[in-house]
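Following full-length UniProt numbering, the numbering of the sequence shown begins with 1 at its first residue and continues without gaps.
The set of hints was computed from the structure by calculation and includes no laboratory data. For every residue, glycine included, the Cβ atom is placed at its ideal position computed from N, Cα and C. Treat the hints with caution; some may be incorrect.
Restraint-style ranges between C-beta atoms, simulated for each label pair [stated by the list, open to error]:
hint, residue 1, residue 2, range
1, Ala266, Gly25, 22 to 30 angstroms
2, Glu9, Asp72, 43 to 51 angstroms
3, Thr189, Thr12, 39 to 47 angstroms
4, Leu196, Pro78, 34 to 42 angstroms
5, Ala80, Asp139, 38 to 46 angstroms
6, Thr104, Gly201, 36 to 44 angstroms
7, Thr2, Ala65, 47 to 55 angstroms
8, Asn71, Glu9, 37 to 45 angstroms
9, Asp72, Gly25, 37 to 45 angstroms
10, Thr104, Thr2, 43 to 51 angstroms
11, Gly79, Arg33, 32 to 40 angstroms
12, Ala65, Arg33, 40 to 48 angstroms
13, Thr251, Leu63, 37 to 45 angstroms
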Amino acid sequence: MTWDELDSELATAPGTVSVYVGRPGARPAYTRRPDETHYAASTMKVAVLAALYRAAETGTLDLDAPVPVLNDFVSAKPGADRFSCGPDHDNDGEVWARLGGTATLRWLAERMIVRSSNLATNLVLGHVGLPAVDAVWVDSGARHSRTGRGIEDFAARDAGLDNQVTAADLAGLFGAITRSRLAGPATCTAMLDVLLRQERGEDLAAGLPEGTRIAHKNGWVRGVRHGAGMIFPADAPPYAVAVCTSVAPETGDDAAACRLIARVSAAAWTARHRLA
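Using the sequences plus the hints, can you model the full thing?
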């Protein structure tokens, strides 16, 4: 499939589809609406991961120190009531099983990425703080992405404080981690190791040959499905793929969105030797 053929196919897809394909530090090989903003869903967890590991590198936080596992959080909206997460909207029962106990920040960060735990995300975010996460976006070169609140902080959402990403900024974030632009090489390698252990492979990873190394994170809510990551072929330099899809919630087809992202991933894999 050529890029023109892919572009023609994506033009017929419902809603808004944004794509960025390219090697880190180079001009992209293919883009489609790369700077269009989308609700971030769980892709914002990559920036939270980076903020945590940067804090650990500077000694501000200890990844292996136990912290309380509580479902009670401060809203990003000043003066708003505290909020909590709902277990029905989470994807990881292991974190909820520790409610009332303790867990290390390292373990919570792992569950936040590999199983996309919302409770773990809010716990980590409570320790690193929103300004540190926004600093990650700035330092990675993001132009439009921001993390304005925790997950299920509806008071903040209704006040206009939300989480937004673009395909270009997500690709840039993965590129910055891969190129050790956000922290030292050992710290960035540790971030990639967590992202390489991702267990949700129904979209971006589904377009790749089995066994391909991919450090990635996906995100989904009704009407939204994103996949972004860095692919490490054995026979070509690494490259980033970010796909963001958004439609009206009542018309969303998550399975179709997963297939679309997989097709973009497959097209990028076929062109992996020609992405310079």
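Hints, one by one, checked against the model:
For the hinted restraint 22 to 30 angstroms between Ala266 and Gly25, the CB-CB distance of approximately 24 angstroms keeps it satisfied. Take Glu9 and Asp72: their Cβ atoms lie about 46 angstroms apart, and the range 43 to 51 angstroms holds. The hint said 39 to 47 angstroms for the Cβ distance between Thr189 and Thr12, and at roughly 40 angstroms that hint holds. Between Leu196 and Pro78 the beta carbon distance is about 38 angstroms. The supplied range of 34 to 42 angstroms therefore holds.
Distance hint for Ala80 and Asp139: a CB-CB separation of about 29 angstroms, inconsistent with the stated range 38 to 46 angstroms. Remark: the range hint 36 to 44 angstroms for Thr104 to Gly201 is contradicted by a beta-carbon distance near 26 angstroms. For the pair Thr2 and Ala65, the supplied restraint of 47 to 55 angstroms holds, since their beta-carbon distance comes to about 52 angstroms. Asn71 and Glu9 have their C-beta atoms about 43 angstroms apart, which keeps the hinted 37 to 45 angstroms range intact.
Our hint of 37 to 45 angstroms for Asp72 and Gly25 holds, since their Cβ atoms are close to 42 angstroms apart. The hint said 43 to 51 angstroms for the Cβ distance between Thr104 and Thr2, and at roughly 48 angstroms that hint holds. With their beta carbons about 37 angstroms apart, Gly79 and Arg33 fall inside the hinted range of 32 to 40 angstroms. Under the hint 40 to 48 angstroms, the C-beta atoms of Ala65 and Arg33, about 42 angstroms apart, fit the expected range.
The beta-carbon spacing between Thr251 and Leu63, approximately 42 angstroms, falls within the hinted interval of 37 to 45 angstroms.
The structure fails to meet hints 5 and 6 from the earlier list, while all remaining hints are met.
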